Amino acid sequence: MTHWADWMLGRLDWSALPFWDAIVDPTTKNIVNAIIASGAGAMVILGGLIVVGVLTWTRRWRWLWREWLTSPDHKKIGIMFIAIALVMLARAVIEAVFMRLQQAFGLDGGFLTADHFGQLFTTHGTIMVFFMAMPFLTGIINYVMPLQIGARDLSFPVMNSISLGLTAAGAAIVMVSLMLAPFSTGGWSGYPSFTESAANPGAGVDYWIWAVTLSTLSSTLTGINFAVTIYKQRAPGMSWLRLPLFTWTALCTSILMIFGMPPLTVATALLALDRYLDFHFFTADLGGNMMNYINLFWAFGHPEVYILILPAFGIFSEIFSTFSGKKLYGYGALVIATLAIAVLSFTVWLHHFFTMGQSAHINAIFGIATMLIGIPTGVKIYDWMLTMFRGRIRFSVPMIYAIGFIMLFVIGGLTGIILAVPSVDYQIHNSLFLVAHFHNMLIPGLLFGMLGGTNLWFSKAFGFRLEERWGRRAACCWIVGFMLAFFPLYALGVLGMPRRSVAFFEPAYLPWTVAAMVGAVIILVAMLCLLIQLWVSVRDRHANRVPGGDPWDGRSLEWSVSSPPPEYNFPVIPEVHSRDAYMRQKETGGGAHPRPDDYEDIEMPANSAMGPIFAITGFLLAFGLTWYQWWLVVAAGVAALIALIARGYVRDTTRLIPAAEVRRQHEAWLATLASLTPVTRADEQSAANRGLPASPIEGAVQ
Amino acid sequence: MFHPLFHLRTHSRYRHWSIGLLAIWLSGCSEHPISFLDPQGPIAAAQRHQLGVIIGLTSIVVLPVLILTPWLIVRYRYGSRSTYRPHWGFSKLADIVIWGIPCLVVVALAVVAWRGTLALDPYRPLSGSEDVKPLRVQVVGFDWKWLFIYPDQGIATVNELVVPVHRPLALKLTSASVMQGFFIPALGSQIDVMNRMVTQLHLEADNQGEFPGKNMQYNGKGFHHQHFVARVVDDSAFQNFVTRTRESGMTLGPRVFDRLMAQNTGRALVQSLEAPGADNATHEGDRRLRFGHLPANLFDDIVEHATPDWSSIKSGGTRNDASSSPEARP
Numbered sequence: 001m002t003h004w005a006d007w008m009l010g011r012l013d014w015s016a017l018p019f020w021d022a023i024v025d026p027t028t029k030n031i032v033n034a035i036i037a038s039g040a041g042a043m044v045i046l047g048g049l050i051v052v053g054v055l056t057w058t059r060r061w062r063w064l065w066r067e068w069l070t071s072p073d074h075k076k077i078g079i080m081f082i083a084i085a086l087v088m089l090a091r092a093v094i095e096a097v098f099m100r101l102q103q104a105f106g107l108d109g110g111f112l113t114a115d116h117f118g119q120l121f122t123t124h125g126t127i128m129v130f131f132m133a134m135p136f137l138t139g140i141i142n143y144v145m146p147l148q149i150g151a152r153d154l155s156f157p158v159m160n161s162i163s164l165g166l167t168a169a170g171a172a173i174v175m176v177s178l179m180l181a182p183f184s185t186g187g188w189s190g191y192p193s194f195t196e197s198a199a200n201p202g203a204g205v206d207y208w209i210w211a212v213t214l215s216t217l218s219s220t221l222t223g224i225n226f227a228v229t230i231y232k233q234r235a236p237g238m239s240w241l242r243l244p245l246f247t248w249t250a251l252c253t254s255i256l257m258i259f260g261m262p263p264l265t266v267a268t269a270l271l272a273l274d275r276y277l278d279f280h281f282f283t284a285d286l287g288g289n290m291m292n293y294i295n296l297f298w299a300f301g302h303p304e305v306y307i308l309i310l311p312a313f314g315i316f317s318e319i320f321s322t323f324s325g326k327k328l329y330g331y332g333a334l335v336i337a338t339l340a341i342a343v344l345s346f347t348v349w350l351h352h353f354f355t356m357g358q359s360a361h362i363n364a365i366f367g368i369a370t371m372l373i374g375i376p377t378g379v380k381i382y383d384w385m386l387t388m389f390r391g392r393i394r395f396s397v398p399m400i401y402a403i404g405f406i407m408l409f410v411i412g413g414l415t416g417i418i419l420a421v422p423s424v425d426y427q428i429h430n431s432l433f434l435v436a437h438f439h440n441m442l443i444p445g446l447l448f449g450m451l452g453g454t455n456l457w458f459s460k461a462f463g464f465r466l467e468e469r470w471g472r473r474a475a476c477c478w479i480v481g482f483m484l485a486f487f488p489l490y491a492l493g494v495l496g497m498p499r500r501s502v503a504f505f506e507p508a509y510l511p512w513t514v515a516a517m518v519g520a521v522i523i524l525v526a527m528l529c530l531l532i533q534l535w536v537s538v539r540d541r542h543a544n545r546v547p548g549g550d551p552w553d554g555r556s557l558e559w560s561v562s563s564p565p566p567e568y569n570f571p572v573i574p575e576v577h578s579r580d581a582y583m584r585q586k587e588t589g590g591g592a593h594p595r596p597d598d599y600e601d602i603e604m605p606a607n608s609a610m611g612p613i614f615a616i617t618g619f620l621l622a623f624g625l626t627w628y629q630w631w632l633v634v635a636a637g638v639a640a641l642i643a644l645i646a647r648g649y650v651r652d653t654t655r656l657i658p659a660a661e662v663r664r665q666h667e668a669w670l671a672t673l674a675s676l677t678p679v680t681r682a683d684e685q686s687a688a689n690r691g692l693p694a695s696p697i698e699g700a701v702q
Numbered sequence: 001m002f003h004p005l006f007h008l009r010t011h012s013r014y015r016h017w018s019i020g021l022l023a024i025w026l027s028g029c030s031e032h033p034i035s036f037l038d039p040q041g042p043i044a045a046a047q048r049h050q051l052g053v054i055i056g057l058t059s060i061v062v063l064p065v066l067i068l069t070p071w072l073i074v075r076y077r078y079g080s081r082s083t084y085r086p087h088w089g090f091s092k093l094a095d096i097v098i099w100g101i102p103c104l105v106v107v108a109l110a111v112v113a114w115r116g117t118l119a120l121d122p123y124r125p126l127s128g129s130e131d132v133k134p135l136r137v138q139v140v141g142f143d144w145k146w147l148f149i150y151p152d153q154g155i156a157t158v159n160e161l162v163v164p165v166h167r168p169l170a171l172k173l174t175s176a177s178v179m180q181g182f183f184i185p186a187l188g189s190q191i192d193v194m195n196r197m198v199t200q201l202h203l204e205a206d207n208q209g210e211f212p213g214k215n216m217q218y219n220g221k222g223f224h225h226q227h228f229v230a231r232v233v234d235d236s237a238f239q240n241f242v243t244r245t246r247e248s249g250m251t252l253g254p255r256v257f258d259r260l261m262a263q264n265t266g267r268a269l270v271q272s273l274e275a276p277g278a279d280n281a282t283h284e285g286d287r288r289l290r291f292g293h294l295p296a297n298l299f300d301d302i303v304e305h306a307t308p309d310w311s312s313i314k315s316g317g318t319r320n321d322a323s324s325s326p327e328a329r330p
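Heads up: the protein sequence lines correspond to chains A and B, in order.
Going by my numbering, the first residue of the first sequence is number 1, and it counts up by one from there.
Going by my numbering, the first residue of the second sequence is number 1, and it counts up by one from there.
Among the hints, erroneous ones may be present.
To be verified - 27 Å max Cα-Cα, derived DSS-like pairs, lysine-lysine: (1) K92(B) x K327(A); (2) K76(A) x K232(A); (3) K172(B) x K133(B); (4) K29(A) x K221(B); (5) K92(B) x K221(B); (6) K221(B) x K172(B).
Think of the hints as simulated: they come from the structure by calculation, not from any bench.
Quantities reported herein were computed from a predicted structural model and do not represent experimental measurements.
Given only the sequences and the hints, what does the whole structure look like? Please build it.
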């Protein structure tokens with residue numbers, strides 16, 4: 001019987017329960033930590049039960065399966081990616097607040113155990129990078145990019161669904177680690193030899209390895225998908241230098257994904273070989289060398305930084321020009337700068353470990369290479385300022401994020417240059433200064449970009465605008481909260497406080513950790529504002545409908561279709577004659593919405609269960625590997641393989657939408673358009689805005 | 001010859017008052033110098049100077065953004081009467097400026113970075129102000145405490161680095177465990193320490209005092225306890241420390257070594273060795289042990305994963321390796 005249970009459960013036992021320590025050793029601290037950890041686990045279970053309950057109550061399982069989970073539609077997959085990102089964002093922000101609370105009480109103690117704190121900073125980092133930022137940007141590119149280039153879907157719609165499945169599986173693994181603990185304490189970078197089995201034999205590091213592996217595989221596939229789509233699916237006339245800037249950044253990001261993700265997949269795979277099969281790639285003895293891991297990790301890690309930031313740069317480019325009512329300044333320079341950043345991002349990885357003892361010349365060269373990236377980035381900032389110059393700036397929510405971004409990002413740039421000088425880095429490496437720096441790049445950069453983009457394109461996806469007032473409150477709380485939470489960390493870093501310290505013994509640190517805690521609480525308020533914004537928007541959706549599809553007087557092709565767009569995006573593939581294709585269409589006499597002479601049957605990809613199958617088998621594979629349940633590993637692996645082979649025999653991979661149906665839908669939308677009253681930009685934020693802007697010639701943007 | 005540190009050292013001539021003020025403001029509540037903003041040695045002072053130069057140079061690009069952006073959004077807000085050019089999207093002059101100035105700034109920064117990095121290379125030995133030989137110290141990072149071996153003096157300490165003022169320090173470092181980061185902020189650079197590998201670090205102290213040192217690289221649940229103190233004393237006090245440690249220090253034998261290799265903090269180590277005298281210590285950094293007798297080549301053996309040569313210990317007689325009492329402090 002016991003033998004049977006061992007075989008089934010592997011090394012999973014009662015000690016995996018998050019409150020086990022408190023039962024075995026009921027000290028006050030253990031009890032407090034058990035309550036926090038079990039509370040988090042309970043929230044996940046509760047959330048899951050509510051979702052299941054609602055779906056069952058409203059009888060929507062079939063609908064969920066058919067309309068969402070198996071859908072190859074890039075728009076729905078994009079939305080699902082963003083949904084994952086938002087859920088994971090909520091968890092990781094709450095973790096951040098706990099870490100800030102701990103350090104605010106951390107002089108000589110605090111309330112969290114060192115192990116719990118270690119798991120918090122590891123899951124926070126892992127989630128924010130792999131399960132918040134990556135799905136968020138993947139979701140937005142997924143949704144917007146095909147619309148911007150005049151395509152009907154990605155080149156490989158089923159592979160897109162598989163990418164989603166793999167990311168979902170990874171996110172689920174991280175979530176399960178709340179209920180069946182522990183997670184790794186090795187940080188998001190997982191440096192050996194700390195993460196080798198000699199120092200950390202438990203399941204935590206294995207959870208981390210498989211969650212990250214699932215995520216990197218997903219992103220590699222996504223990168224291939226995006227790049228091929230941009231190469232092959234552009235509408236006629238959409239030449240390279242007519243691509244909207246967001247699409248350019250999407251292209252550069254996907255190229256970085258293709259080349260940047262595999263090094264991490266390899267690194268985690270080699271680490272897994274060390275841990276599972278007693279290899280010695282990164283161990284201290286028998287010829288292993290952990291430096292190889294560190295190099296591989298940052299060969300991924302530095303391009304990753306630009307994978308994260310470039311799409312945000314693209315979004316900001318769209319926001320600055322749209323909400324300044326003006327052509328983007330220096331399009332050519334922005335494209336060159338984006339490409340330059342993408343190339344340079346592969347040449348600077350060593351700056352993550354200046355202190356590892358290599359020669360000063362190598363350090364100096366990598367330091368200077370790092371500074372070179374500052375040039376194109378600086379040019380971009382000035383290009384955006386010149387875009388605002390002689391424009392007509394409207395302070396809609398996306399623009400508030402963008403203005404917050406431009407002011408705060410340059411401060412992060414300054415501290416980045418400081419870190420790039422090796423001799424100064426020797427003082428602040430691995431300190432909270434570093435933590436402050438990369439949060440300064442990723443919150444105002446990536447996150448503001450994603451939130452701004454969500455506010456910008458939400459109406460495109462759902463047909464109604466996001467509410468402005470709560471949106472502004474959220475944006476302002478993010479800006480203020482960020483400053484209060486992270487500027488003190490610069491001071492702490494300069495004062496020599498190491499990152500990842502659960503407690504400290506230097507009284508001079510205390511005022512700063514308290515200030516940072518207040519900032520973290522304001523960020524939590526910002527999260528609440530976002531939630532309220534979503535709630536209020538859904539509640540008032542009828543008042544904020546934009547059937548016209550173009551609420552911001554947009555410039556690129558996604559605004560030329562209805563909101564939400566039809567499944568096939570464009571009833572007739574548009575022909576592109578210039579940059580800002582849709583703006584030109586509106587400005588020249590051709591009319592914003594020409595009535596096509598003829599419609600054709602449209603071939604769209606058919607639904608496929610491959611995404612959900614890979615999500616489930618991927619999750620079970622990772623779970624089985626983590627807990628040594630080998631039967632599960634074999635079963636899930638075989639199931640995935642069979643599914644993959646069976647897919648090769650599926651013949652009905654497409655579905656035809658008849659021309660008559662396309663005509664009917666399009667005519668109906670044109671009729672709706674005819675009934676709308678065009679609004680000028682003065683009424684942009686009012687209920688009068690139905691998504692039909694007054695023609696620019698008559699002063700829509702004055 | 002012109003010393004490469006020279007031009008970096010003379011920071012007082014330029015008086016980076018802003019950095020100085022920042023230093024006072026930031027570290028005002030601190031008893032001991034905890035940061036390079038309050039430098040106690042030439043390396044840290046040069047690093048502070050460089051920080052000022054870099055901030056100054058980079059501000060040439062950053063400040064215009066911080067100043068002009070608010071002006072732009074007010075002046076060109078929707079509804080204002082200022083010029084509106086929706087189709088304007090390029091100016092040669094503006095492009096030359098926005099590419100040119102960052103390029104020039106990066107060239108200047110590159111010069112600063114190149115010279116600074118070579119001059120402050122932690123592997124570069126410091127010549128010192130007088131003709132004195134550097135003090136050699138071998139540092140071993142354990143979980144979660146530091147062992148300092150003085151090979152020329154034949155002594156060792158835990159969590160306490162006693163060094164003479166104005167004498168260059170030549171450190172060789174390794175880790176008996178996972179990767180760690182050795183750092184005394186007030187004196188200068190940090191350097192990673194790794195198992196089976198030896199890194200080097202050169203420091204020097206200009207002032208006497210006690211400066212906190214720490215591990216910067218997370219290595220488990222005792223990480224935040226891995227503090228030590230760098231005690232900078234004058235020459236006679238240092239000689240005194242060496243003599244007394246040789247005479248009355250404990251023996252670093254197999255039992256002590258096993259305790260060092262185990263995961264524990266300095267406090268727990270002291271307790272497990274039943275060494276008195278540490279009871280009145282206020283925090284971890286004050287818990288330390290001194291050894292007057294240790295195996296030859298202990299550092300190399302740790303690096304090589306070899307068993308230390310216990311027979312080489314020149315024992316002071318009948319001394320048990322853990323029962324002797326720690327001596328008074330300098």
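(message) Output the indices of the hints that this structure fails to meet, ascending.
(response) When the structure is compared with the hints, only number 5 turns out to be violated.
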